[in-house]
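*Asks:* Sequence:
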Amino acid sequence: MKRITLACMAMFSIILIFPAVLMAQHQHGTGMGESMKMDTRDVLVEGVKVSFQIMDNKEHEKMLADMKMDEKPAAGTTHNITVVLTDGHTQKEITDATVKMKVIDPGGKDQIKTLKAEKEMKSYDAYFNLAQKGKYQILASFKVGDKTRNAGTYYEVK
1 MKRITLACMA MFSIILIFPA VLMAQHQHGT GMGESMKMDT RDVLVEGVKV SFQIMDNKEH
61 EKMLADMKMD EKPAAGTTHN ITVVLTDGHT QKEITDATVK MKVIDPGGKD QIKTLKAEKE
121 MKSYDAYFNL AQKGKYQILA SFKVGDKTRN AGTYYEVK
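Quick note, the sequence shown lines up with residues 1 to 158 if you use the numbering used here.
Hint data in this document are derived by calculation from the structure and do not stem from the laboratory.
Ideal placement from N, C-alpha and C gives every residue a C-beta, glycine not left out.
Mixed in with the good hints there might be a few duds.
[Stated by the list, open to error] What follows is a list of derived Cβ distance ranges for each label pair:
id, residue 1, residue 2, range
1, Asp-66, Pro-106, 23 to 33 Å
2, Glu-46, Lys-72, 28 to 38 Å
3, Asn-150, Asp-96, 15 to 25 Å
4, Lys-147, Lys-62, 33 to 43 Å
5, Lys-58, Thr-90, 31 to 41 Å
6, Lys-68, Gly-134, 27 to 37 Å
7, Asn-150, Asp-66, 30 to 40 Å
8, Gly-145, Gly-107, 28 to 38 Å
9, Lys-143, Asp-42, 14 to 24 Å
10, Ala-75, Glu-46, 32 to 42 Å
11, Ser-141, Thr-90, 18 to 28 Å
12, Lys-68, Glu-93, 19 to 29 Å
13, Asp-96, Val-43, 16 to 26 Å
All chains should be modelled from the sequences, with the hints used to inform the complete structure.
*Replies:* Right, here's the structure in full:
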């Protein structure tokens, strides 16, 4: 009887553990058999979640084509940086902000742009030149109503 009980417990353990191990190694992608290479970094600033989404232009063009959107990257740029602002209390996207971004390359040179509001995507984006290998500092300043907030992150080009 003890052997049967032990065998049942061993089988039960295998049935529970094996799928958990498989799920832990599961890769998330686009659902089309391949994954988009987008780095996302979230920062919380005074009740607003700022999501920085960084994608190289080739991947961004592919994503836009999949969404049937006709947009081409700006000449002389290598990456698209998208910012999504979410109210921390209501969890709703903020779509009425003015967002400016400064990207500082590893050599200290900066690029400053006002991000374009993408109302249907509930986000703000612009194209930047991140051609040099190394660590970039990405700073966003956004104004909602009368209040201006600042957020930042780092991104490394390898």
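*Asks:* Would you mind marking each hint as holding or not holding in the structure?
*Replies:* Now the hints, each set against the structure:
1. Asp-66 - Pro-106: 23 to 33 Å: 32 Å, holds
2. Glu-46 - Lys-72: 28 to 38 Å: 36 Å, holds
3. Asn-150 - Asp-96: 15 to 25 Å: 18 Å, holds
4. Lys-147 - Lys-62: 33 to 43 Å: 37 Å, holds
5. Lys-58 - Thr-90: 31 to 41 Å: 35 Å, holds
6. Lys-68 - Gly-134: 27 to 37 Å: 35 Å, holds
7. Asn-150 - Asp-66: 30 to 40 Å: 33 Å, holds
8. Gly-145 - Gly-107: 28 to 38 Å: Roughly 37 Å apart at Cβ, these two residues keep to the hinted range, so it holds.
9. Lys-143 - Asp-42: 14 to 24 Å: At roughly 20 Å between Cβ atoms, Asp-42 and Lys-143 fall inside 14 to 24 Å, so the hint holds.
10. Ala-75 - Glu-46: 32 to 42 Å: 36 Å Cβ-Cβ, so the 32 to 42 Å window holds.
11. Ser-141 - Thr-90: 18 to 28 Å: Given about 22 Å between the Cβ atoms, the range holds.
12. Lys-68 - Glu-93: 19 to 29 Å: Taking Cβ atoms as reference, Lys-68 and Glu-93 lie about 21 Å apart, which means the hint holds.
13. Asp-96 - Val-43: 16 to 26 Å: 20 Å, holds
When held up to the earlier numbered hints, the structure conflicts with none and fits them all.
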